[in-house]
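Q: Given next are the chains, with one letter for each unit.
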Amino acid sequence: MEPNEWGRETGQGAGREGVVAPDSGRRPLNSDIIGGALGLALAGLFWLAREQWSFWSAVFPNLTLGILAALSLGLVIKGFLKPEMLVLLSEGNRVRILVTAVVLLLWAFGIRTLGTLLSSGVAFYGLTLYLASAGQRIRLVDAFKWLLVVIVEIGALYLIFSRVLGVSLPRGIWL
Amino acid sequence: MLSALSQILQPYPLLLAIGGTALGLVVGAMPGLSATMALAVLLPFTFAMDPLHGLVALGAVYMGAIYGGAFAAILVNTPGTPSSIATTFEGYPMAKKGEAEDAITAATVASTIGGLFGVGALLFLAPPLAQFALRFGPAEYFWIAILGLTLIGSLSEGPLLKGMAGGVIGVLISLIGIAPLGGESRFGFGLPALQGGVHLVVALIGMFAIPELLSMAGTGKAALAQATESVRRSGGTFGMIKRVLSMPGNLLRSCIIGEIVSIVPGAGGNIAGLVSYNEAKRYSKHPERYGKGEVEGLVASEAANNVTVAGSMVPLLTLGIPGAPPDALILGVLLMHGLRPGAELFTVSGTMTYGFILSMGLAALLLLPIGLLAGTWIYRAVVRVPAYFLVPTIALMTIFGSFALRNNTTDVIIMVVLGLAAYLLKELGFHPAPIVLGLILGPIAETGFVTTMLLGQAYAVPALRLFDNTLSQVLIALVVLFLLAPALSNWRRSRKERMNKGGA
Numbered sequence: 001m002e003p004n005e006w007g008r009e010t011g012q013g014a015g016r017e018g019v020v021a022p023d024s025g026r027r028p029l030n031s032d033i034i035g036g037a038l039g040l041a042l043a044g045l046f047w048l049a050r051e052q053w054s055f056w057s058a059v060f061p062n063l064t065l066g067i068l069a070a071l072s073l074g075l076v077i078k079g080f081l082k083p084e085m086l087v088l089l090s091e092g093n094r095v096r097i098l099v100t101a102v103v104l105l106l107w108a109f110g111i112r113t114l115g116t117l118l119s120s121g122v123a124f125y126g127l128t129l130y131l132a133s134a135g136q137r138i139r140l141v142d143a144f145k146w147l148l149v150v151i152v153e154i155g156a157l158y159l160i161f162s163r164v165l166g167v168s169l170p171r172g173i174w175l
Numbered sequence: 001m002l003s004a005l006s007q008i009l010q011p012y013p014l015l016l017a018i019g020g021t022a023l024g025l026v027v028g029a030m031p032g033l034s035a036t037m038a039l040a041v042l043l044p045f046t047f048a049m050d051p052l053h054g055l056v057a058l059g060a061v062y063m064g065a066i067y068g069g070a071f072a073a074i075l076v077n078t079p080g081t082p083s084s085i086a087t088t089f090e091g092y093p094m095a096k097k098g099e100a101e102d103a104i105t106a107a108t109v110a111s112t113i114g115g116l117f118g119v120g121a122l123l124f125l126a127p128p129l130a131q132f133a134l135r136f137g138p139a140e141y142f143w144i145a146i147l148g149l150t151l152i153g154s155l156s157e158g159p160l161l162k163g164m165a166g167g168v169i170g171v172l173i174s175l176i177g178i179a180p181l182g183g184e185s186r187f188g189f190g191l192p193a194l195q196g197g198v199h200l201v202v203a204l205i206g207m208f209a210i211p212e213l214l215s216m217a218g219t220g221k222a223a224l225a226q227a228t229e230s231v232r233r234s235g236g237t238f239g240m241i242k243r244v245l246s247m248p249g250n251l252l253r254s255c256i257i258g259e260i261v262s263i264v265p266g267a268g269g270n271i272a273g274l275v276s277y278n279e280a281k282r283y284s285k286h287p288e289r290y291g292k293g294e295v296e297g298l299v300a301s302e303a304a305n306n307v308t309v310a311g312s313m314v315p316l317l318t319l320g321i322p323g324a325p326p327d328a329l330i331l332g333v334l335l336m337h338g339l340r341p342g343a344e345l346f347t348v349s350g351t352m353t354y355g356f357i358l359s360m361g362l363a364a365l366l367l368l369p370i371g372l373l374a375g376t377w378i379y380r381a382v383v384r385v386p387a388y389f390l391v392p393t394i395a396l397m398t399i400f401g402s403f404a405l406r407n408n409t410t411d412v413i414i415m416v417v418l419g420l421a422a423y424l425l426k427e428l429g430f431h432p433a434p435i436v437l438g439l440i441l442g443p444i445a446e447t448g449f450v451t452t453m454l455l456g457q458a459y460a461v462p463a464l465r466l467f468d469n470t471l472s473q474v475l476i477a478l479v480v481l482f483l484l485a486p487a488l489s490n491w492r493r494s495r496k497e498r499m500n501k502g503g504a
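The listed protein sequences derive, respectively, from chains F and V.
By my numbering, the letter at position 77 of the first sequence is numbered 77, and the numbering carries on one by one without gaps.
By my numbering, the letter at position 139 of the second sequence is numbered 139, and the numbering carries on one by one without gaps.
Among the hints, erroneous ones may be present.
Stated by the list, open to error - Taking lysine-lysine pairs in the DSSO-like style, the calculated list, with each CA pair at most 27 angstroms apart, reads:
| id | chain 1 | residue 1 | chain 2 | residue 2 |
| --- | --- | --- | --- | --- |
| 1 | V | 96 | F | 82 |
| 2 | V | 292 | V | 496 |
| 3 | V | 292 | F | 82 |
The hints are simulated quantities; they were obtained by calculation from the structure and are not laboratory data.
Looking at chain F on its own, in the form it has when it is part of the complex (with noise of 0.2 angstroms):
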């Protein structure tokens, strides 16, 4: 694996992602205990989400649920013998992807309360602002500029959505 443009890679599993700043302070973890881990949680959620079904009904979801804490388990023992160290985040600015993240959720959630025109406005004129702001310092002119692009860009795909194919997009408040 060639070496990023910081320099190193680190953890077994470098072959993916696990390339890390030398001074970034991240740390390569076990994935395989967290995934397992993680694997053994969904399966003991799912377990407990089981209800009163008819044989016909239990009977694969049962197997299912089965083999995914086998082979969770199996991860777990993994993790021990021969784990496969990797350094989450490795990518970018975590900070950045968080905040991308939280903004997708509330736009998803928006939609229903507020509308898709105004929930997707804010979503995305705030998300322009932000990721912009990461690399530039923006003028008062490009911002209002790019006001202009996003009503056209939105606007232009609800018109698509709604009068071409028919499809009434969520209302909340305003449109």
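Model the placement of chain V on the given structure of chain F, informed by the hints.
A: For chain V alone, coordinates are given in the frame of chain F:
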């Protein structure tokens, strides 16, 4: 057939075929908008048309939409339609290296060849293929799903154990919603909105698009912008066309796989693409190049998924069995015009039926000029857009697209949540491809398994019903072969290395 050919080569049907192919391409290229939606939008317009003209337009849209899925797969790592899942594996890495135009050219040529192969098979082999499709019962479906799950070995990029666990997580997600046989609501977690289950396309959009968006947001640059200028490794468009044509074995194998998969109702272009990709990798002289932008894998996926457009018409036109939702719409149009599937469709209404089939061939040919022009234009537009616009633009399209599937805001939330989960899992070494494979094959495996067990109640051990016919046994043999093949090839490779070291 000649009379049908002369009818579709008139100016009006030709215009319909060109317009339909272009419309299908645009719809297919947008994540979340499926071939079914493109056909559904066009359907009311065909009511006023001559039946043959209506079918020509529908066939062209179907062909264009399945091909159009490759654009999103190559340029933004999101399958535009489920059929192009496997296209992302090589198409996107090619695009990241600056070879997007090569990738689009290869996908276009492969799709054209696949489309023409499917039409040829439909014209000449429809009756025997339909009889073969009838031999697939629940037990065979179960084994087909298990056979599909053996692909995890080659689809997972890390340790096999993680790939397998990912596949089972996919199966588990597919179990949310109404049980196929018992009819009870499962794993609703007290949320009525989950009763409808997780739509495959919603999961696909979320698991492929959202991690890419987060990655772009984190690095602050569009993935394709990393390739500062377009690289044409194969000497331009004609060079790439020659390169694709120089792999006849890969093309033929992928087309045959696509044809076999497509005649089995319920198994669509997504499975055809994945199986063909897997086989291309297995037969490749350079399997280590896969996942890094290997054109062979891209060609295999695109050839196979476009075969399925005409291939799925085999059970539809001969037996009246629609294998996929778009086929059901076409069946509706046939019935509306008084055309009943069966032998009479090819005799009494021969001109119209052959006209429809030939128009799909025409649409496949039209993919070349339309696809290459549109591909170059879309690629150049995508690389010019800065990341701070590309991220929200793709997010907007995925949110609108996932809502449009069932007019349901819950789907949008599921899409984002699954996307965030997929990002986390990817960071932990779980690739999304096995999860998606589990999601696709889970319902097929469950229905096959439970139905077979029900049918096997007369046996002392009902599970024996899974093994008691020849086709099932052939499929089981293939499962065993596919499971052992990677281990065997590893053993051979290490033995060869040992011998080479010993010789040195």
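Q: Decide if the proposed pair is consistent with the structure: residue 96 of chain V and residue 82 of chain F, CA atoms, cutoff 27 angstroms inclusive.
A: violated, 32 angstroms
Q: Is the Cα-Cα distance between residue 292 of chain V and residue 82 of chain F 27 angstroms or less?
A: holds, 26 angstroms
Q: Between the alpha carbons of residue 292 of chain V and residue 496 of chain V, is the straight-line distance 27 angstroms or under?
A: holds, 25 angstroms
Checked against the numbered hints above, the structure violates only hint 1.
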